[in-house]
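Visitor: These protein sequences, in sequence, are chains A and B.
Under the working numbering, think of the first position of the first sequence as 1, with each following residue one higher.
Under the working numbering, think of the first position of the second sequence as 1, with each following residue one higher.
Bear in mind the hints are in silico, worked out from the structure with no lab data behind them.
Among the hints, erroneous ones may be present.
[Unchecked claim] Pairs of lysine-lysine, DSBU-like flavour, derived with a Cα cap of 35 Å:
#1 A:Lys72 - B:Lys49
#2 A:Lys227 - A:Lys6
#3 A:Lys62 - B:Lys149
#4 A:Lys72 - B:Lys227
#5 B:Lys72 - A:Lys62
#6 B:Lys149 - A:Lys31
#7 B:Lys149 - A:Lys6
All figures in this text were calculated on a predicted structure; none of them were measured in a lab.
There are 2 protein chains.
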Amino acid sequence: MENKEKLAVVLMSGGMDSAVTTAIAISLGYKVAGLHITYHQRTQQRELKAFNDLCDFFKIDKRLVVPIDYLKTIGGSALTDTNVEIEKAAFNRKDIPQTYVPFRNGNMLSIATSWAEVLGASAIFIGVVESDSSGYPDCRQDFFYAFEKAINLGTKPTTNIQIQTPLINLTKRDIVVLGRNFGVPFELTWSCYRETEVACGECDSCALRLRGFQQAGLEDPIPYRIKPVYI
Amino acid sequence: MENKEKLAVVLMSGGMDSAVTTAIAISLGYKVAGLHITYHQRTQQRELKAFNDLCDFFKIDKRLVVPIDYLKTIGGSALTDTNVEIEKAAFNRKDIPQTYVPFRNGNMLSIATSWAEVLGASAIFIGVVESDSSGYPDCRQDFFYAFEKAINLGTKPTTNIQIQTPLINLTKRDIVVLGRNFGVPFELTWSCYRETEVACGECDSCALRLRGFQQAGLEDPIPYRIKPVYI
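So that you can see chain A by itself, here it is in the shape it has in the complex (with noise of 0.2 Å):
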């Protein structure tokens, strides 16, 4: 038998669900590449700069920043369009709110995959949320079976990736939780769809992730401007 390593491409866009993905894919075993994706959005330096560090941090030499500027002509979301404002936080809502940008977790996917083909890697990681997330479509399960699917019909027959998401079915509670138990160090990751020094506090990434700590009974290390209770 072959003792090859096991290699998995991570996304990791720099927020506390992407940490604690990187965290729990080394302590499976692991050697992650780490992937972080801009496209123009608001906060991109930011979350440039939460990658590297977690990089550093877990002592990921494999990176790769991929700008897909596409996302920002093709417009059609509040986190591309200056001219929309991102709204405030509304749990339990109905709709597809504002800042859904079309097909976003495809996009990642297939990249990660180009990539883990080359790589010669076995899985992709992504922090995807379903129950307690924006509710974005491509953030279910049913989404990434069949992407999966079609990843591995799309490759090589060599090519056998499985797309791990091991905080779907999680509470932003439990991440944080989790992410206490293993040690991730939050204070370095970033979340605002807003802001870039002080997190606003307000916004829908803001509001789950504020949520979660209030739930799990621990402080949040970042800087907020205002601090809403959500429980």
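Since chain A is already given, all that's left is putting chain B on it; use the hints.
Guide: Relative to the frame of chain A, chain B by itself:
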């Protein structure tokens, strides 16, 4: 009933297959949005010219050119790595040729999906050919079925996008005949993987194209350095 215009995103490389595919989409009543993707391939400028010439011919106003230079960074293909020589054509090969770009069609379809969702398009046309192509895994019908499923799970509930592969079961001969019947301007297209002024006549892409014209008993209007007989 709403009398909504049918809109399709057509992936247009500038080659003869995408030109025939465009003609088919138009004949089916679709208004076409032309998507051209460059990935630092050797013949990028020539293919971009072919794309624009074809859009002019077909009166396509909605055009999007998306550079995905990361495919070159990721590497793994003779098409994007100038250190790897482009092989001479070999019909009926069993292995994956060096010109395979890892998961290229997955990346292209993801971009097409993002654009289609924003435009409200109901179809993506891609001029892939399974049986008569170079054996790339991401040119198989099963891959497209799986990807279409992933698209519709990963986009808004109101989005419904079909992947149309009208050439997939045709031979290059059939495509030449079909294109001739549709009045496709083959002289505006470009297929060669190696050269940009006069086609080499010897790479996989030239060989398949020339054989198609020869089997159809028609003259290929573009210039070739040499014109081997492939039938």
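Visitor: For each hint, tell me whether it holds in the structure or not.
Guide: Going through the hints against the structure:
no. : hint               : result
1   : A:Lys72 - B:Lys49  : holds, 24 Å
2   : A:Lys227 - A:Lys6  : violated, 41 Å
3   : A:Lys62 - B:Lys149 : holds, 32 Å
4   : A:Lys72 - B:Lys227 : violated, 44 Å
5   : B:Lys72 - A:Lys62  : holds, 16 Å
6   : B:Lys149 - A:Lys31 : holds, 31 Å
7   : B:Lys149 - A:Lys6  : holds, 29 Å
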